[in-house]
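The residues making up each chain are set out below.
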Amino acid sequence: MASSLIEKYMRMDKLPHIWCPGCGHGIVMRAVVKAIDELELNREKICIVSGIGCSSRAPGYMNFNTLHTTHGRALAFATGIKHANPELEVIVLTGDGDCTAIGGNHLIHAARRNMGITTVVFNNNIYGMTGGQYSPTTPTGDKGTTAPYGNIDKVFDICSLAQAAGATYTGRATVYHAQLLIRLIKDGIKNKGFSLIDAISVCPTYYGRKNKKGDSVRIMEWLKDNAVNVAAASKLPPEKLAGKFLIGELYNNPQPEYTEEYKKIVESFQRG
Amino acid sequence: MASSLIEKYMRMDKLPHIWCPGCGHGIVMRAVVKAIDELELNREKICIVSGIGCSSRAPGYMNFNTLHTTHGRALAFATGIKHANPELEVIVLTGDGDCTAIGGNHLIHAARRNMGITTVVFNNNIYGMTGGQYSPTTPTGDKGTTAPYGNIDKVFDICSLAQAAGATYTGRATVYHAQLLIRLIKDGIKNKGFSLIDAISVCPTYYGRKNKKGDSVRIMEWLKDNAVNVAAASKLPPEKLAGKFLIGELYNNPQPEYTEEYKKIVESFQRG
Amino acid sequence: MACTEVRLSGSGGQGLLLCGIVLAEAAILDGLNAVQTQSYGPEARGGASKSEVIISDAKIFYPKVRKPDVFLALTQEAYDKYVGNLKESGIIIVDETVNADEAPCREKYSVPILRTAREAVGKAMVANIVALGTINAITGLVSEASLEKAVLNRVPPGTEELNRRALDEGRKICQNLR
Amino acid sequence: MACTEVRLSGSGGQGLLLCGIVLAEAAILDGLNAVQTQSYGPEARGGASKSEVIISDAKIFYPKVRKPDVFLALTQEAYDKYVGNLKESGIIIVDETVNADEAPCREKYSVPILRTAREAVGKAMVANIVALGTINAITGLVSEASLEKAVLNRVPPGTEELNRRALDEGRKICQNLR
Amino acid sequence: MAVKQKGLVIKPDWCKGCGICVAFCPKDVLKMENNKVTIANGDACNGCGLCELRCPDFAIYLEEDEKDE
Amino acid sequence: MAVKQKGLVIKPDWCKGCGICVAFCPKDVLKMENNKVTIANGDACNGCGLCELRCPDFAIYLEEDEKDE
Amino acid sequence: MNDKNVRLMQGNEACVEGAIAAGMRFFAGYPITPSTEIAEGSSEKLPQVGGKFVQMEDEIGSIAAVIGASLTGLKSMTATSGPGMSLKLENIGYAAIAEIPCVIVNVQRGGPSTGLPTSPAQGDIMQARWGTHGDHPTIALYPSSVSEIYQITIEAFNMAEKYRMPVILLMDEVIGHMRERIELPERSALQIIDRKKPSVGPEQYLPYQADADGGVPEMASFGDGYRFHVTGLVHDETGFPSNSSEVTARLINRLMKKIENNLDDILRYEEENTGDADTLLLAYGCTARSAKSAMDAAREEGMKVGLFRPITIWPFPEQKVRELAQRVKRIIVPEMNLGQYILEVQRVAGGSCTVEGVNRADGEIITPEDILDKIKGVF
Amino acid sequence: MNDKNVRLMQGNEACVEGAIAAGMRFFAGYPITPSTEIAEGSSEKLPQVGGKFVQMEDEIGSIAAVIGASLTGLKSMTATSGPGMSLKLENIGYAAIAEIPCVIVNVQRGGPSTGLPTSPAQGDIMQARWGTHGDHPTIALYPSSVSEIYQITIEAFNMAEKYRMPVILLMDEVIGHMRERIELPERSALQIIDRKKPSVGPEQYLPYQADADGGVPEMASFGDGYRFHVTGLVHDETGFPSNSSEVTARLINRLMKKIENNLDDILRYEEENTGDADTLLLAYGCTARSAKSAMDAAREEGMKVGLFRPITIWPFPEQKVRELAQRVKRIIVPEMNLGQYILEVQRVAGGSCTVEGVNRADGEIITPEDILDKIKGVF
Ligand SMILES: Cc1ncc(C[n+]2csc(CCOP(=O)(O)OP(=O)(O)O)c2C)c(N)n1
Ligand SMILES: Cc1ncc(C[n+]2csc(CCOP(=O)(O)OP(=O)(O)O)c2C)c(N)n1
Ligand code: SF4
Ligand code: SF4
Ligand code: SF4
Ligand code: SF4
Ligand code: SF4
Ligand code: SF4
Ligand SMILES: [Mg+2]
Ligand SMILES: [Mg+2]
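So the sequences go chain by chain: A, B, C, D, E, F, G and H. For reference, each letter of the first sequence is one residue, going 1 to 272 in my numbering. For reference, each letter of the second sequence is one residue, going 1 to 272 in my numbering. For reference, each letter of the third sequence is one residue, going 1 to 178 in my numbering. For reference, each letter of the fourth sequence is one residue, going 1 to 178 in my numbering. For reference, each letter of the fifth sequence is one residue, going 1 to 69 in my numbering. For reference, each letter of the sixth sequence is one residue, going 1 to 69 in my numbering. For reference, each letter of the seventh sequence is one residue, going 1 to 379 in my numbering. For reference, each letter of the eighth sequence is one residue, going 1 to 379 in my numbering.
These are calculated hints, taken from the structure and not from any lab test. On a predicted model such as this, the values are computed, not experimentally measured, just so you know. Don't take each hint at face value.
To be verified - Label pairs and their computed distance ranges (CB to CB):
hint, chain 1, residue 1, chain 2, residue 2, range
1, F, Thr-38, H, Glu-203, 30 to 40 Å
2, C, Ser-11, H, Glu-203, 32 to 42 Å
3, D, Pro-156, H, Gln-191, 53 to 63 Å
4, H, Lys-257, B, Ser-268, 44 to 54 Å
From the three backbone atoms N, C-alpha and C, an ideal C-beta is built for every residue, glycine too.
In isolation and in its complexed conformation, chain A is listed as follows (with noise of 0.2 Å):
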């Protein structure tokens, strides 16, 4: 027995799930299932879409229609799955390597075309499955097993990235926060465009160890202590803002959504 909500909605015959003690995947998994139970969507309607990656592993866990791709490319395959069936709700759980690295051009093409997608990014600040190379979320100055000297690459803020590029929904929480994570989730799957959400994992077993920040738990607490909510940000002074990291709701503007812009096209031959 596991609790009801992991019951309804995980394929149980594989758990215990693969990831190291102390990954913050699994707290992200769970809050993805957890906002879909609160929105209570129609299970036989969601999809759910991953590339390649220990983040990337999430679908297989979950009892939805669930399609693991190619490295980087989950956000094409959703764009054709959504374009076919506008009726799917189509989720894309993705790392900061696959979305933000190879993936980058999907990622930032998705959002433009505002194709209806909710993406959940994985981003534990590293390649966790290939062993610990830096990703473009690495914190510069940070090592990686291809930085043995210090990460000198700057990172993408994604939310502001995907932002820049079109996405009308845009939040970040970080597994310490998952009550917001959830509530982020689900504002933006209800979002009808691309919405993005940053969630901000923990992989103790490279990230941590190669970078001395100790196990889940100390980094968990680097988390708590160094993000501070858009709300609160808001009002307080720039010094106090130093070196910490927003968390909230960051962007949302709805605007038009890509396939329904398209069945426009389609209902005009119709009438026809």
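With the hints as your guide, set chains B, C, D, E, F, G and H with the ligands onto chain A.
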């Protein structure tokens, strides 16, 4: 005989170029050499890189180290060049399709790394070379040969996208505002990190014709009437800005350049 | 006529592609076989361009024109570039502005196609349709009815009358010739 | 000894990969040939894992262990998963916490490797090095000197003393055994 | 073989011993034992559900009242 | 075969007749003839160089004074 | 027109028409010469029949979207040329291992790289078979006229749906771009094959359970009420990943067997004058048209020349070619490449006759004379 | 160690060491199992020798950056596995036509698609030859031990630089990941080849002018003072695009001839016991190790078994295999795929002997017993 600028910097045996009458790309190409000339750069140390497209033919006409790569990949080739020899002034000439459709991922990552590359986008809002398909910058509602019923996609603001990704200098000018264009390219080259100049060009042959926007002269008149300089824009009431677009320097925030940061790692071993 | 090879040439914007398509379509309306091909390449951006048609009552295998029986050139550049390989028994039709003095073949017609379009029809753009009228008047490759039908099939709606006139004027030029 | 196949197994975090590498390196220091391989796969994320070494005075071609001569298991899971295929003449060395009652082979040693690491050396992490000491004391696969040198080659700087002690304690366990 | 107290359920075979629930329980209800979580002080549990919310392995949760059925 | 007047040079074989220079010359110096640009009113030219700046085909330009040499 | 079904049509246009007749309701693509008209035609026609078109950001996204749409129940296609084909290969492998029906059109141009974008070439023959990594089955079809493009596009969809796999349609630039007479069959006369839907309920459904013949699993669509899992990892009958060597062997073998066991159904070819031929021309696509002319000319001169034209070029029509090789003295394989398909012909001929190529990789199509010269032994 | 040059080294590590010894000063890559250690090792070692490492956003960017860096004068390499290899193909074609030296390592894993990411396979043999579109030359090398990886990586760089082309280094997961004894040669004993720099000044320099032998043009670097143009379009000796069929034929033929005319230099192989053999094992990579054991065992039982191990697997050692085929009764080709290299062996054997495969595509390596069974005719 042609003007001394052209004689000096162009491969005279390749001229006249192949672009259509009124194609804006020639104006942009001239602006690039003019900027180089005014900066008095050492031409042996300039490397011009392009992808594939009408715009990407430019390097073939320019008498520097020139590289015509594969569609969308100019910035990735350029990254290798700049990293291999940071002394080179690397300038990427690309199209809206080349840079932001198939090449979108390389754009955001070159920007993120703040690679010392100056990118000039010959942005004619269409795929010229393949005959007029809509591009990520074709205005919503406009037609292309693959958007016979009007484009339903939203458009990229290439400068905002590059800035969100990490570019440290961005600016926009049009072929009507060629003087401004030259200045922005100069300032972009002067910025040590990643610079992007969105050069609004004109494709009378496909974009103009498909959208009944008239010939180059008419399109350039439209550009003149609808561009607002950022400096002026800040003083205008919002209603005056509706439907207009901004030109001028849009962002300028120098930050450590990639190859300079890398050099520090290498030097740490040379000292040791 | 077992198999006739036609090469239509001019400058990029003169609509010779359409010209070839219409001719091929007319042949098909006549119950013949036809294959139409054209040159692509960077020269498609202006400069000389050509469109080729093979018409035959038998099946057509090799699809490219090798030795044209009929050659049209609306510009000097196109003429110079594509006049080669003409069959000795071939027919050359050129706009009056084209110098075809050295033409290698038997029949040669220099006709005011561009001027007719501009002046008699009043639209330079329809020179391709004028040319079709002229070519067919000279060669009789396809039936007049099919040619007209093919033209009307392929031109933009609203321009039917204009094009019908262009075809007519094209035909007429030849009457003066004979 | 023509060719000895060694399989070292335990749970993901126990450092058996290093254990295999050190053993192979020691063999090379002794002038022998050695090949070390390991299991990759999703099980690399925790669960049982193994590292394998073949040591031979001749060249080694086929690189995978098929019938181990020496088998180490630090956990029950690893034991159960990898005990198969053992050579009848093989040697089993298990941590005292592992139940190896049904072991299919001649020689079997149940030794307090994990406890020794924890208590005698004071660092659970060095169980792999303790195990090396034990294995070599039992099998004499490589020279003591080479083994120590290989350990010191491969452990993080600053931990040399700790690891030397671990090796020593591992050796000692066996003295009690014999 | 679930361990229960006050609606709090632990599924030890799924627990990977990361300690997250222990660290962030506001009432210090939980503790680690042999790399598995156990209930140290069940009476103190306030049913806030934070342990469930943050357990990456779904190994600890609050039993729901069977209200809907 | 360049056409010159008042430092203004036209290179007719490169001119593609787009009319940009004509349309945007502030002094109405230029005009189209047979799809090529020509100088209609050379005396009016103020040497602003806008025609050169915007000619996509480098077919019109102002001759530089040979100052540096 | 006299007969309203007779038309002048461009090859690329015929591909769109055939696809729509076959039931295509989804197209994702990225423009590239000389295939662009297929995307353009699809963007125009699909909304008219309630279908969906999308221009993706690149070719990788296009094939990915096509696979996603196919999994959602729509017959799907993409079209490209060499450079785009090279980019699609990873996901074509995905479609092969995950058994997703789709059609990929490659209107070939001169390569490698950007090469000769507007010139004809037949340089992607071997790529169609071996381009993606790993062992995988391949069906590739190669029409040689406009009307055959129409018909073979339909067959491509039929095979894709029937065998649940990607089918590659190789085309020549010259046929894609030329216009030719086509007689469109009545819709009712077309044989259209749809994928087999699950015959069992969601509880019993195993998405990768071979059917009774050991071949093709039944296919549910996302949203149908069957909640199944699809992955590009090696997987068992349930669709979930497995590392077992047994499962792997079973999967890979079944994938290959889908083809090997159905060669009779999959292989399409045409032969002419092979009965008494001592010289056999073996050619595909536009080269076969030149070969046909060359054969006719040679026959007129009394030479015993035959023609074998594979339409299914992959799988290779091994048995048929072996038989022919045993009957003739020599096989001539004209190709607009440096010799690709000829390698298989040589392999299968196994020394029983001479096998010679007529090759051009210079952007020009092989003429009947080129082939005739070879037949006559002139070089 | 006794001899300080004797070491225990991992295959992937040996690749990095060999590359640096060969003069590699640039690496761009994207992590993928089982090749990742090559990127990791390069990121660590390159800055120590003044070289450059960059982790790109994907595999396409990686090969592009490698080509850019090579054009700028640095010896450059990238490493990947099947899925990444499929993505790199378009630009590998670019390197072929634009003649840019570079080394591409493919540490193979089970495919197609994501397949079996951590299992060994030899499924990308044909892809290495035919993966990219269009006709192009290919050199692919295939080491079978850790110390051979070191040495062959150097050879890969040498051939890349000498022939100005991409060279593919195919590796087995099992050899990439295993650790083995290696004796590092003295640096001074290594033969390192650098590209030929222009022998003429910038005014005379034609970047694609064949050298005296009709082969490889001299190569300037960007920034050297030669302002040249490089394109992936078909181009003439000046480097500028051309549509001429004559130029095209000349270019493509020269590219192919660079290899055909230098087979003696390019082909590497090893043979053992082929003198009296009636059964020949033909195997590469880790499979050759099993074949060697199987041969030894068979010889002990008195069977006349020989071994031919191509190290250069492309170009195919055609003449050598033909000779051997004429001498032996049968050739056995063990491969960890469904039969790829065997197709070439069959073609070249042309019926002169039996050619049989021993195949596994299930994630396990072929054992000596698998091969021995085949030798003995047991199945
Ligand atoms: C085309 C391709 N390139 C590379 C890989 C190897 N690869 C698998 S997962 C991964 C990175 C995963 O990182 P991320 O998306 O952040 O997920 P995480 O494992 O950290 O959750 C990489 C590089 C691959 N499978 N396919
Ligand atoms: C991989 C690949 N895909 C597609 C193409 C075809 N292609 C060539 S240029 C181009 C678009 C060019 O558009 P843009 O970059 O805006 O340049 P423009 O021609 O408008 O100046 C396309 C799609 C190609 N050459 N390679
Ligand atoms: S490696 Fe990192 S991301 Fe992957 S399962 Fe382990 S902790 Fe999670
Ligand atoms: S097609 Fe458009 S972009 Fe290309 S040359 Fe002509 S006008 Fe310029
Ligand atoms: S429900 Fe709250 S109080 Fe109770 S154990 Fe969990 S976290 Fe602690
Ligand atoms: S959070 Fe979950 S897995 Fe971690 S210790 Fe608590 S119950 Fe165990
Ligand atoms: S702008 Fe240049 S090309 Fe256009 S008309 Fe003037 S001179 Fe001619
Ligand atoms: S220089 Fe100025 S004034 Fe003179 S022609 Fe040119 S645009 Fe007109
Ligand atoms: Mg990650
Ligand atoms: Mg454009």
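Hint by hint, here is what the structure shows:
1. Separated by about 38 Å at the C-beta atoms, Thr-38/F and Glu-203/H satisfy the suggested range of 30 to 40 Å.
2. Distance hint for Ser-11/C and Glu-203/H: a CB-CB separation of about 37 Å, consistent with the stated range 32 to 42 Å.
3. Hint check: Pro-156/D to Gln-191/H, Cβ distance near 37 Å, so the stated range 53 to 63 Å is violated.
4. For Lys-257/H and Ser-268/B, the Cβ-Cβ distance of about 47 Å falls inside the hinted range of 44 to 54 Å, so the restraint holds.
The structure is inconsistent with hint 3 alone, although it conforms to all the rest.
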